[in-house]
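Asker: Here is what each chain is made of, one letter per residue.
2 protein chains.
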Amino acid sequence: MVVLGIDIGGTTTTIGFVNENGEILAESVMPTQGKDHITKFLPRLFEQINTLKNNSKEKIELKGIGVGAPNANFFKGTIENPPNLQWGGVIPFADLLEKEYKVPVKITNDANAAAIGEMLFGAAKGMKNFILITLGTGLGSGIVIDGKLVYGQTGFAGELGHLTVKPDGRLCGCGKKGCLETYVSVTGIRRTVSKLLADMTEESQLREVSQTNLTGEMITDAALRGDRIALQAFEYTGDILGQKLADTIAFSSPEAIIFFGGLANAKDLIFQPTLKSMEKFIFPIFKGTVRLMLSELQNKNAAVLGAAALIWNELK
Amino acid sequence: MVVLGIDIGGTTTTIGFVNENGEILAESVMPTQGKDHITKFLPRLFEQINTLKNNSKEKIELKGIGVGAPNANFFKGTIENPPNLQWGGVIPFADLLEKEYKVPVKITNDANAAAIGEMLFGAAKGMKNFILITLGTGLGSGIVIDGKLVYGQTGFAGELGHLTVKPDGRLCGCGKKGCLETYVSVTGIRRTVSKLLADMTEESQLREVSQTNLTGEMITDAALRGDRIALQAFEYTGDILGQKLADTIAFSSPEAIIFFGGLANAKDLIFQPTLKSMEKFIFPIFKGTVRLMLSELQNKNAAVLGAAALIWNELK
Chain U
5 MVVLGIDIGG
15 TTTTIGFVNE
25 NGEILAESVM
35 PTQGKDHITK
45 FLPRLFEQIN
55 TLKNNSKEKI
65 ELKGIGVGAP
75 NANFFKGTIE
85 NPPNLQWGGV
95 IPFADLLEKE
105 YKVPVKITND
115 ANAAAIGEML
125 FGAAKGMKNF
135 ILITLGTGLG
145 SGIVIDGKLV
155 YGQTGFAGEL
165 GHLTVKPDGR
175 LCGCGKKGCL
185 ETYVSVTGIR
195 RTVSKLLADM
205 TEESQLREVS
215 QTNLTGEMIT
225 DAALRGDRIA
235 LQAFEYTGDI
245 LGQKLADTIA
255 FSSPEAIIFF
265 GGLANAKDLI
275 FQPTLKSMEK
285 FIFPIFKGTV
295 RLMLSELQNK
305 NAAVLGAAAL
315 IWNELK
Chain D
5 MVVLGIDIGG
15 TTTTIGFVNE
25 NGEILAESVM
35 PTQGKDHITK
45 FLPRLFEQIN
55 TLKNNSKEKI
65 ELKGIGVGAP
75 NANFFKGTIE
85 NPPNLQWGGV
95 IPFADLLEKE
105 YKVPVKITND
115 ANAAAIGEML
125 FGAAKGMKNF
135 ILITLGTGLG
145 SGIVIDGKLV
155 YGQTGFAGEL
165 GHLTVKPDGR
175 LCGCGKKGCL
185 ETYVSVTGIR
195 RTVSKLLADM
205 TEESQLREVS
215 QTNLTGEMIT
225 DAALRGDRIA
235 LQAFEYTGDI
245 LGQKLADTIA
255 FSSPEAIIFF
265 GGLANAKDLI
275 FQPTLKSMEK
285 FIFPIFKGTV
295 RLMLSELQNK
305 NAAVLGAAAL
315 IWNELK
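Going down the list, the protein sequences come from chains U and D. For the first sequence, this note's numbering gives the first residue as 5, with consecutive numbering after it. For the second sequence, this note's numbering gives the first residue as 5, with consecutive numbering after it.
Chain U with its partners taken away, still in its complex shape (with noise of 0.2 Å):
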């Protein structure tokens, strides 16, 4: 018995077949073409998984398809105008692979899907409370609250990166100013090299690369140098995540919060100034019950375990 995950990204999409040990049995990867219309995608995608059941050593006994997709709608099994698929509106996707493969389809975003892959075979094993956090171009949010996903009234709960750091804060994406993601997020801290450039006086290798060209990895090697400015990066991102994580935990008392993507590599260049914010922050009655964790499935092909997870909960 397997389970099929898909991840659609922006770039590209990638499917596998996901035992119930988390273990991937095969993947292969596709362009996601965003910029083409449902009907041309769907075919290719068809294709894709069934090249890879037929080239499969194991009979594929498909249990079902779990699908981790920007602005998936649980509830409906849609997917809602993505800003970076040109799909033509709201996409009955759950519905299309249903009448393709006669198996139970199951559709969320990809902060969601991971929060159940951390659940069901990472960091969060046995965990009932926990929260993941995704630290990428975005940061992105799945909540679990006494062993469920939080979807809420609307289905779209979770949207932890558009917490309002400061009212007349930077311009976000989504058009408010001042969104948790702004700050904190490979992007935010970009952002934060540029300010620090402008208010510090100090020589940095970061003055010699234009913003465009930076990476979280360049800010994390010179901070590990003993960057000043990059330090300073790492202390103004952790002050703001972690007066934010102590909103969140006196929000829903998780016992973890668990980091995945990139900012996270960065590990207690981030851990510590967002551990001594969080701390200063919290509720009292909250202080030392809850755990900042590195997710267990950062080297692993996590958006697909992650989609998988989504039968797999559902199957116990």
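Among the hints, a few may not be true.
One copy or two, it doesn't matter: identical chains are merged, so the pair holds either way.
[Said to hold, decoys possible] Here are the computed lysine to aspartate or glutamate pairs in the EDC-like style, where the Cα-Cα straight-line distance is at most 20 Å:
#	residue 1	residue 2
1	LYS44	GLU84
2	LYS280	ASP172
3	LYS291	GLU84
4	LYS304	GLU27
5	LYS271	ASP225
6	LYS284	ASP172
7	LYS80	GLU259
8	LYS80	ASP150
9	LYS152	GLU24
10	LYS152	GLU259
Everything labelled a hint here was simulated from the structure, so no lab data went into it. All of these numbers come straight from a predicted model, not from anything done at the bench.
Knowing the structure of chain U, use the given hints to seat chain D on it.
Answerer: Chain D only, in chain U's frame:
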């Protein structure tokens, strides 16, 4: 069949028998005398209950006891060192009552109890995802997700009064700075009036009242008469509340936020600036999905109903 609801406050303790329709068949009040040890409180409570039971015209068939109390731990059934009650540490309150009355006992804090009361008997009937906020001396909250109260890992989730509004803001009773309840509560708006009396030069009747003597009603009355300071105090309060509600919506995507307590009685004076600010800070996907409502238990004994609802909710 009835349930006994007990509301333990710093000053008074109210008890009442509540039927499954949310009708209070009989109730009575006694002083809490919080400076006494638990061993003095309990015999008085038992006598109060027995008297109410014996005086009832109908036969009391007791199905359970629900308790709303400060620092109550739902999971453990304990009341843990509440600041207003010198009971002597961590009290196994549910066990003590179960031993006496041989029925199930559930215990939680007053805002959580009020949320369940609202779900069974008030404005949240039929809702699965909503948040109740009490605006009294402090700001309390009860969060319902997927039809269940959120307790979190510790049992203490839902402390929205201690979200951080301003990192270096007003000192809070909890020891932190800038907590939401130092701005948004009856106490908070009184502090805001003091600030505005310093900042502004407009004439105001509020200049004639000491901070200690100032009440929420006085501020509401002054605002209704067009007092500029009072009106500005509501604007200031609503601005902050709306921003933090937008954060809360990004977290759990509720269908309604229901307000209870003294400051909620100011209605549009507080709701209008709150709604305006909330719409400004809300993540676009949630626009128009959340109603701000007034409790439907405002004029009833909501605390006793809520406490009793803890049991009725389990029996359903």
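Asker: Take the hints in turn and mark each one as holding or not.
Answerer: Outcome of the hint check:
Taking the shortest Cα distances, LYS44 and GLU84 sit within 20 Å of each other inside one copy (17 Å), while across copies they are farther apart (61 Å). For the homomeric pair LYS280 and ASP172, the shortest alpha-carbon distance between copies (16 Å) is at most 20 Å, but the shortest distance inside one copy (25 Å) is not. Proximity of LYS291 to GLU84 under the C-alpha cut-off of 20 Å is restricted to the inter-copy arrangement: shortest distance 15 Å between copies versus 40 Å within a copy. In this homomeric assembly, LYS304 and GLU27 come within 20 Å of each other (Cα to Cα) only inside a single copy, at 10 Å, whereas the closest approach across copies is 57 Å.
Proximity of LYS271 to ASP225 under the C-alpha cut-off of 20 Å is restricted to the intra-copy arrangement: shortest distance 12 Å within a copy versus 54 Å between copies. Taking the shortest alpha-carbon separations for LYS284 and ASP172, only the inter-copy value of 11 Å comes in at or below 20 Å, while the best intra-copy value is 23 Å. In this homomeric assembly, LYS80 and GLU259 come within 20 Å of each other (Cα to Cα) only across copies, at 17 Å, whereas the closest approach inside a single copy is 30 Å. In the homo-oligomer, the alpha carbons of LYS80 and ASP150 lie at most 20 Å apart only across protomers (16 Å), although the nearest pairing inside one protomer, at 23 Å, exceeds that limit.
Taking CA atoms no more than 20 Å apart as the test, LYS152 paired with GLU24 passes inside one copy only; the shortest distance there is 19 Å, against 29 Å between copies. Both within a single protomer and between protomers do LYS152 and GLU259 lie at most 20 Å apart by alpha-carbon distance, with minima of 14 Å and 19 Å respectively.
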